[in-house]
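There are 2 protein chains.
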Amino acid sequence: MAKEPVIRKEQGYTVADMGPLDLLHEYTITSSAGETFSGKVWLKNRIGLTGTEISYGALPPGAKVPFAHRHHQNEELYIFLSGEGEMRLDDSSVAVKEGTIVKVDPPVWRGMRNTGTVPLVHLVIQAKAGSLEQSNQHDSEYRPLG
Amino acid sequence: MAKEPVIRKEQGYTVADMGPLDLLHEYTITSSAGETFSGKVWLKNRIGLTGTEISYGALPPGAKVPFAHRHHQNEELYIFLSGEGEMRLDDSSVAVKEGTIVKVDPPVWRGMRNTGTVPLVHLVIQAKAGSLEQSNQHDSEYRPLG
Chain Y
63 MAKEPVIRKE QGYTVADMGP LDLLHEYTIT SSAGETFSGK VWLKNRIGLT GTEISYGALP
123 PGAKVPFAHR HHQNEELYIF LSGEGEMRLD DSSVAVKEGT IVKVDPPVWR GMRNTGTVPL
183 VHLVIQAKAG SLEQSNQHDS EYRPLG
Chain G
63 MAKEPVIRKE QGYTVADMGP LDLLHEYTIT SSAGETFSGK VWLKNRIGLT GTEISYGALP
123 PGAKVPFAHR HHQNEELYIF LSGEGEMRLD DSSVAVKEGT IVKVDPPVWR GMRNTGTVPL
183 VHLVIQAKAG SLEQSNQHDS EYRPLG
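Residue numbers (my numbering), protein chains in the order written: chain Y, 63 to 208; chain G, 63 to 208.
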C-alpha cells in the first residue's frame with residue numbers, strides 16, 4: 063500500500079505529519095499512463111487547501127522531471143531544501159541548491175533535474191497569479207498571548 | 063547592514079539565494095515599535111509574488127512569537143522543516159516538528175513557540191482562501207523535454 067501522511071482534521075485547522083524529509087522518497091505517485099514515480103506528494107486534496115496547491119518533491123540522483131510544463135493561470139514557486147540540481151526555464155538554466163528559491167510566471171516552460179548525489183528535496187507552491195489582495199498586517203488582527 | 067538574499071530578476075522568472083537554512087537566524091526584521099527579531103524573512107516584495115506571501119522562520123530555542131494573530135481573508139500553511147515546537151490554535155495546542163504541516167483557516171487565533179534546543183525552522187504561506195481556481199493538469203500544458 064502506498065505511503066500516506068497521517069492527517070487530523072479539526073475545527074478550523076488541519077494537521078498533517080509527512081514524516082522526515084529524508085524519507086520523502088517513500089511517497090509515490092502514479093501517472094495517468096500507469097507509471098510510478100517516487101518522492102512526490104501533493105497536499106491540496108489531502109489537507110483541504112483552497113488558495114494553493116503545494117507539493118513536496120525528492121527527485122532522485124540522476125533523475126529529471128520527464129516533461130517540461132507551463133501554466134495557464136498559476137504562478138509557481140520552487141523552494142529548494144537540500145541537494146543540487148538545475149532548473150530549465152525557457153532557454154535558460156539555473157543551478158539550484160539548499161536556499162534557492164525560483165518564482166516562475168505562468169507562461170515560462172520549466173523543467174528540473176538532479177545533478178548531485180543525494181535527493182533534490184524541494185517544495186512547489188502554485189497560486190493563481192494576482193490573487194493575493196492583502197497580506198500580513200493588512201490582513202491580520204493581533205492580540206496579546208493569553 | 064541587515065542580511066539580504068541575493069536576488070536576480072530575469073524575463074518571466076526570479077531567482078533568490080537565501081543561503082543555508084541553518085543560517086536563517088542571520089536575517090532580522092524590525093517591528094513598527096523598533097524591536098528587532100532574528101530569523102524571519104518575508105519574500106513577496108523581494109521576489110514579486112502575486113498569489114502568495116511566504117516567509118522563512120527560524121524561531122530560537124525558548125522563544126515564542128510575541129502575539130497571537132488571525133486573518134481576514136488568507137488561509138495560512140505552516141510547514142516545519144526542523145526543530146521542535148508547539149502551535150497554539152484557538153484553545154488547542156499541537157506539537158510540531160520536521161514533517162508537520164498545519165493548515166489554518168482565517169478566523170483561528172494562532173501562535174507558536176519553540177520547545178526544543180535548536181531553532182524551529184519553518185515556512186509560512188499565506189494565500190487568499192478560495193482563490194485557487196484550477197491546478198496541476200487542469201492549469202498546465204506539457205511538452206517533451208527539448
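Calculated directly from the structure, the hints in this document are not laboratory data. Misleading hints may appear alongside valid ones.
As the list claims (entries may be wrong) - A few chain G residues that don't get close to chain Y, going by computed Cβ distances all over 10 angstroms: (1) G81; (2) H87; (3) E97; (4) T98; (5) F99; (6) T114; (7) A130; (8) E137; (9) P169; (10) T177.
Claimed, not checked - Straight-line distance between alpha carbons at most 30 angstroms, and here's what the computed DSS-like set of lysine-lysine pairs gives: (11) Y:K65 / G:K159; (12) G:K71 / G:K106; (13) Y:K65 / Y:K159; (14) G:K126 / G:K106; (15) Y:K159 / G:K106; (16) Y:K102 / G:K71; (17) G:K65 / Y:K106; (18) Y:K126 / G:K106; (19) Y:K65 / G:K126; (20) G:K126 / Y:K126; (21) G:K159 / G:K126; (22) Y:K106 / Y:K71.
Think of the CB as a built atom: it goes at the ideal place given N, C-alpha and C, for glycine as much as any other residue.
Hints, verified against the model:
Non-interface call for G:G81 relative to chain Y: violated, since the shortest CB-CB distance, roughly 5 angstroms, does not exceed 10 angstroms. Every Cβ of chain Y is farther than 10 angstroms from the Cβ of G:H87; the closest lies at roughly 14 angstroms, confirming the non-interface assignment. Against the 10 angstroms criterion, G:E97 stays outside the reach of chain Y, whose nearest CB is about 14 angstroms from its own CB. Every C-beta of chain Y lies more than 10 angstroms from that of G:T98, the closest at about 17 angstroms, which supports listing it as non-interface.
Separation of G:F99 from chain Y is adequate, the least Cβ-Cβ distance of about 14 angstroms exceeding the 10 angstroms criterion. Its beta-carbon lying about 5 angstroms from the closest one in chain Y, G:T114 breaks the requirement of being farther than 10 angstroms from that chain. With a least beta-carbon separation of about 5 angstroms from chain Y, G:A130 fails to lie farther than 10 angstroms from that chain, contradicting its non-interface assignment. For G:E137, the requirement that its beta carbon stay farther than 10 angstroms from each beta carbon of chain Y is not met, with the minimum near 5 angstroms.
For G:P169, the condition that its CB be more than 10 angstroms from all CB atoms of chain Y is violated, with the nearest at approximately 7 angstroms. Residue-level check passed: G:T177 sits 15 angstroms from the nearest beta carbon of chain Y, beyond 10 angstroms. Between Y:K65 and G:K159 the CA atoms are separated by roughly 19 angstroms; this keeps the pair inside 30 angstroms, and the hint holds. Straight-line distance between C-alpha atoms of G:K71 and G:K106 comes to about 14 angstroms, which keeps the hinted pair within the 30 angstroms bound.
Distance hint between Y:K65 and Y:K159 is fulfilled; the C-alpha atoms sit about 26 angstroms from each other, no more than 30 angstroms. Note on G:K126 and G:K106: the hinted pairing holds, with a Cα-Cα distance of about 23 angstroms set against a maximum of 30 angstroms. Taking the CA atoms of Y:K159 and G:K106, the gap is about 20 angstroms. The hint holds against a cut of 30 angstroms. A distance of roughly 28 angstroms separates the Cα atoms of Y:K102 and G:K71; the hinted pair therefore holds under the 30 angstroms criterion.
With a C-alpha separation of about 33 angstroms, the suggested pair G:K65 and Y:K106 falls outside the 30 angstroms cut-off, and the hint is violated. A threshold of 30 angstroms between alpha carbons decides the hint, and for Y:K126 with G:K106 the separation of about 28 angstroms falls inside it, so the pair holds. At most 30 angstroms may separate the alpha-carbon atoms for a hinted pair to count; Y:K65 and G:K126 exceed this at roughly 33 angstroms. For the suggested pair G:K126 and Y:K126, the alpha carbons sit about 40 angstroms apart, so the restraint of at most 30 angstroms is broken.
Between G:K159 and G:K126 the CA atoms are separated by roughly 15 angstroms; this keeps the pair inside 30 angstroms, and the hint holds. Between the alpha carbons of Y:K106 and Y:K71 the distance comes to roughly 14 angstroms, so the proposed pair stays at or under 30 angstroms and holds.
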